[in-house]
Structures are given as C-alpha cells and as structure tokens.
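Those protein sequence lines, which keep their order, are chains A and B. Each residue of the first sequence is one higher than the last, beginning at 1 in the numbering used here. Each residue of the second sequence is one higher than the last, beginning at 124 in the numbering used here.
The reader is advised that the hints may include incorrect statements.
The following label-pair restraints were derived from C-beta to C-beta distances [claimed, not checked]:
1) B/Leu280 x A/Pro28: 44 to 54 Å
2) B/Ile270 x A/Gly92: 42 to 52 Å
3) A/Ser6 x B/Phe172: 48 to 58 Å
4) B/Ser253 x A/Asp29: 26 to 36 Å
5) A/Gly45 x B/Phe172: 41 to 51 Å
6) B/Pro221 x A/Ile122: 36 to 46 Å
7) A/Ile58 x B/Gln272: 30 to 40 Å
8) B/Ser263 x A/Gly81: 38 to 48 Å
The calculated DSBU-like cross-link candidates involving lysine-lysine, where the alpha carbons are at most 35 Å apart (straight line), are [unchecked claim]:
9) A/Lys119 x B/Lys285
10) B/Lys240 x A/Lys66
11) B/Lys285 x A/Lys73
12) A/Lys54 x B/Lys285
13) A/Lys66 x B/Lys285
14) A/Lys42 x B/Lys206
15) B/Lys240 x A/Lys117
16) B/Lys206 x A/Lys117
17) B/Lys240 x A/Lys24
18) A/Lys3 x B/Lys285
19) A/Lys54 x B/Lys206
20) A/Lys52 x B/Lys206
21) B/Lys285 x A/Lys42
22) B/Lys285 x A/Lys117
23) A/Lys3 x B/Lys206
24) B/Lys285 x A/Lys52
25) A/Lys24 x B/Lys285
26) B/Lys240 x A/Lys3
I should point out that these hints are in silico values taken from the structure, not numbers from a laboratory. For clarity, every value in this text was computed on a predicted model and none was experimentally measured. Backbone N, C-alpha and C fix where the C-beta goes; we use that ideal spot for every residue, glycine too.
Read off the chains here:
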Amino acid sequence: MNKGDSISPSEWLYRRGYCTPEKKYCNPDGTATSRVFKLREKDEGKLSVDLKSKTTPIVSVGDPSKYFLFELKNSTVMDIGLDSIYDPLDDGVNDAHSLIIGMSLDDEVAPGYLARKSKRVII
Amino acid sequence: MQALTANYSTRAEIQRDQYLITTVGAPQTDRFRSPSLFILTDNRFHEEFRLNNRIFSLCEEFAELENNWDGDGALRPSSEALKNINYVANVLESTGYPIYNTAPGPNGEIMIDLRNKLGTRSVELIFYPSRMVVVFFHESQEPFQEIFQFDNLPNVLEWLNKY
Chain A
1 MNKGDSISPS EWLYRRGYCT PEKKYCNPDG TATSRVFKLR EKDEGKLSVD
51 LKSKTTPIVS VGDPSKYFLF ELKNSTVMDI GLDSIYDPLD DGVNDAHSLI
101 IGMSLDDEVA PGYLARKSKR VII
Chain B
124 MQALTANYST RAEIQRDQYL ITTVGAPQTD RFRSPSLFIL TDNRFHEEFR
174 LNNRIFSLCE EFAELENNWD GDGALRPSSE ALKNINYVAN VLESTGYPIY
224 NTAPGPNGEI MIDLRNKLGT RSVELIFYPS RMVVVFFHES QEPFQEIFQF
274 DNLPNVLEWL NKY
C-alpha cells in the first residue's frame, strides 16, 4: 500500500482517546465518547488514526496510562460518506498512520456515530 | 423550563424527605428544631444521594482542566460551556432524569450524553463557547444535528423517550 491510497472497507482502524485512572473521560462501559472522534482546528479536516494491520495495540496507544485504544472497521467510516487514506509519516516514526477525511469542524453527527460503532481494545 | 419542575416532587426531594423522617425523627424533637442541624443534614443528603452525582463531580473536575489537558493540544473547557452544562445538569437532576455521561472535547466544548432505557435512542447536547448543538441518534434512523436552545430541552427529552 502506498501513501495516499484509499483503505479497504475490510480493514480496521485504531483511534486513541484520553482516559486515565484519575480522569475517566470514556463512557461508563468503557466505550469511546464522541469527543474521541472530534476534529480540532489543527487537524485541518483530517482525523488521525492508525491502520491496525500495520501496527500493534501497544505501539498505537503509546502511553496506556494516559490513553485508551478503540478500534473501528473502515466500512463504518465509509457508511457515512467519509473516506480513509493511508498516510505513513515521512520520518518513519509511524508507518501505520492514516487519515479519516471528509468531516468538517461543525460536524457532530460523524464523531458520535463513529464512537458508537467503535470498540475498546483491551491492552 | 419551569414547567418541567413545577408540578411534581422530584425523586431527590422524595428521597430527602424519607431520609429526614427516618434519621432526624419527629418534628417535636430538639434536633429537628435546630436550624443549623437541619442544614447540615440537608447538605449531607445532597452529597450522598444526588442521582447524577458522578456527573456533577466530573463537571467540577472539568473546571480545573488547563489547556493541553489531553497532551494533544485540547483547549480547557470554556466558562460558558461549564455554566451551561451545570444549568442543564441541574435541570435534569431536578426532574429525576439520569445523565449517561459527560466529557470534555478538544475545542473547549463539553458534551452531555443522554440515553433512553432501551438503549435504542440517544442524544448528545454539546456546549461550545459560543454555540450549542443537539445530536439525535436512533438505532434504525439516520442521525441528525440541530442548533440547541434551552427551551427545546422538553422536546429533546420527548424525542428521546418515544417508543
């Protein structure tokens, strides 16, 4: 797979969300809140994720004491008209880096939809 | 909004009355006549028995977050968002409606998540520094979002609890 290629609907994506033992900013059942999938201005319309087939949960989560890891099937992303592309970082730090594109800053439906379809990865 | 709370006792009020009857005793006792003791008892009740106690605790925590609280540049929750979420949480508490969850977002916003008993519908109220949004999720319909106004809260709850 080359940089910029669309990701197959059968692939899975990882997205991490802030949640510590002290600050439990996930749902009571451990699932992601919509804020985990919310764009911020610096994202420039591209939500960073990792391609599951190119990494491991431990590598993707970085610091498990600060973050939870959630997985999401790419077909779910495509179901709501979004796209995802493979975007490995040029410095070689993260070969799994990918982007979900098509969301806008004002979009509140997509973050909530993706959160409800995601599952927590137990590390 | 007033119409939500004016016509009946809330679950919290009923629990408080039961608590006072069983622990404070009959009105003729000296303990009940002491205004200071009554206030202490009342406050203790509120700490222990609030329906959405976890949510209120989280709101207090959100107020202490600083910029970059998530290590990825998230803005601290805005004072307007904090004020609005506290208002809505208190209205829902006074009507006996449980709040499923609340969470801060990366852009200074705070989200409240409400769900129906069957888990078939849910609603998110999202409070930004300068706007409020409501998002409707139904298990078999397309989700949609609207601008939220406080006056619409009864309609939002009505949609959430339709069968």
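Hints, one by one, checked against the model:
1. B/Leu280 x A/Pro28: 44 to 54 Å: violated (20 Å)
2. B/Ile270 x A/Gly92: 42 to 52 Å: holds (45 Å)
3. A/Ser6 x B/Phe172: 48 to 58 Å: 53 Å Cβ-Cβ, so the 48 to 58 Å window holds.
4. B/Ser253 x A/Asp29: 26 to 36 Å: holds (32 Å)
5. A/Gly45 x B/Phe172: 41 to 51 Å: Once the Cβ atoms are compared, 46 Å apart, the range 41 to 51 Å for B/Phe172 and A/Gly45 holds.
6. B/Pro221 x A/Ile122: 36 to 46 Å: Between B/Pro221 and A/Ile122, where Cβ atoms are some 27 Å apart, the hint is violated.
7. A/Ile58 x B/Gln272: 30 to 40 Å: At 45 Å between Cβs, range violated.
8. B/Ser263 x A/Gly81: 38 to 48 Å: Distance hint for B/Ser263, A/Gly81 is violated at roughly 19 Å.
9. A/Lys119 x B/Lys285: It holds: about 27 Å lies between the C-alpha atoms, which stays within 35 Å.
10. B/Lys240 x A/Lys66: With Cα atoms ~31 Å apart, B/Lys240 and A/Lys66 stay inside 35 Å; holds.
11. B/Lys285 x A/Lys73: At roughly 30 Å apart (the allowed maximum being 35 Å), A/Lys73 and B/Lys285 satisfy the hint.
12. A/Lys54 x B/Lys285: violated (44 Å)
13. A/Lys66 x B/Lys285: violated (38 Å)
14. A/Lys42 x B/Lys206: It holds: about 26 Å lies between the C-alpha atoms, which stays within 35 Å.
15. B/Lys240 x A/Lys117: holds (19 Å)
16. B/Lys206 x A/Lys117: The given pair, whose Cα atoms are some 31 Å apart, holds under the 35 Å limit.
17. B/Lys240 x A/Lys24: holds (23 Å)
18. A/Lys3 x B/Lys285: Answer violated: A/Lys3 to B/Lys285 is near 47 Å, above 35 Å.
19. A/Lys54 x B/Lys206: violated (44 Å)
20. A/Lys52 x B/Lys206: With Cα atoms ~40 Å apart, A/Lys52 and B/Lys206 exceed 35 Å; violated.
21. B/Lys285 x A/Lys42: violated (39 Å)
22. B/Lys285 x A/Lys117: The given pair, whose Cα atoms are some 23 Å apart, holds under the 35 Å limit.
23. A/Lys3 x B/Lys206: Not OK: A/Lys3 and B/Lys206 at ~45 Å, beyond 35 Å, violated.
24. B/Lys285 x A/Lys52: Measuring from Cα to Cα gives roughly 39 Å; hence the hint is violated.
25. A/Lys24 x B/Lys285: holds (30 Å)
26. B/Lys240 x A/Lys3: Answer violated: B/Lys240 to A/Lys3 is near 45 Å, above 35 Å.
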